[in-house]
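Peer 1: Sequence:
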Amino acid sequence: MSILSAEQIRLNVKVSDKYEAIRLVGQMLVDTGHVEQDYIEKMMEREDNLSTYMGSGLAIPHGTNESKVLIKSTGLAVLQIPEGVDFGGDEPAVLVVGVAAQRGEHMGILTSIAMVCSDEDSMESLRTATSAEEILTIFESGIEE
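Using this note's numbering, read the sequence shown as starting at 683 and increasing by one per residue.
In case anyone wonders, no lab produced these hints; they're calculated from the structure. The beta-carbon is built from N, C-alpha and C at its ideal position, and this holds for glycine as well. Hints may be right or wrong, so weigh each one.
Simulated DEER-style distance windows between Cβ atoms [to be verified]:
(1) Glu806 <-> Glu718: 31 to 39 Å
(2) Arg785 <-> Leu693: 24 to 32 Å
(3) Ser813 <-> Arg785: 30 to 38 Å
(4) Ser807 <-> Glu723: 15 to 23 Å
Put together the whole structure using the sequences plus the hints.
Peer 2: Here you go:
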């Protein structure tokens with residue numbers, strides 16, 4: 683199972699707040715078999731304690747340290763939110779990447795996502811992509827499995 687597939691990417695999503703975005707990416711991780719249902723609550727708990735907004739329109743919600751037992755396999759879920767959603771940062775998040783990582787892979791994956799999205803051209807391409815495949819290609823170029 684790959685950590686990201688077209689089924690784990692949703693385009694042109696509209697959400698009312700960051701918690702709806704977290705619930706959506708969390709449910710995508712549940713639906714693809716990466717995490718147990720309770721992981722979503724741990725993602726919300728993490729957000730309540732420390733914002734997962736990284737800057738440049740990117741948020742990377744993930745679970746708490748205690749939630750590692752709820753992770754079945756490493757995976758990502760991506761929401762493209764062209765209108766943006768407030769994650770408490772200096773600008774709205776237009777890309778929300780839900781992360782579940784096993785065996786110490788967490789920091790490497792978070793770093794890879796941040797590196798891909800720190801490139802302004804890549805971020806603009808992610809924000810304006812019209813297919814899941816476009817987003818998949820951009821991430822595959824920067825994330826090692």
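Peer 1: Between Arg785 and Leu693, does the beta-carbon spacing fit 24 to 32 Å?
Peer 2: Cβ of Arg785 to Cβ of Leu693: about 31 Å, so the range 24 to 32 Å holds.
Peer 1: Do the beta carbons of Ser807 and Glu723 sit within 15 to 23 Å of each other?
Peer 2: Between Ser807 and Glu723, where Cβ atoms are some 33 Å apart, the hint is violated.
Peer 1: Given the range 31 to 39 Å, decide if the beta-carbon distance of Glu806 to Glu718 lies inside it.
Peer 2: holds (35 Å)
Peer 1: Hint says 30 to 38 Å; check whether the CB-CB distance for Ser813 and Arg785 agrees.
Peer 2: holds (32 Å)
Taken one by one, the earlier hints fail for this structure only at number 4.
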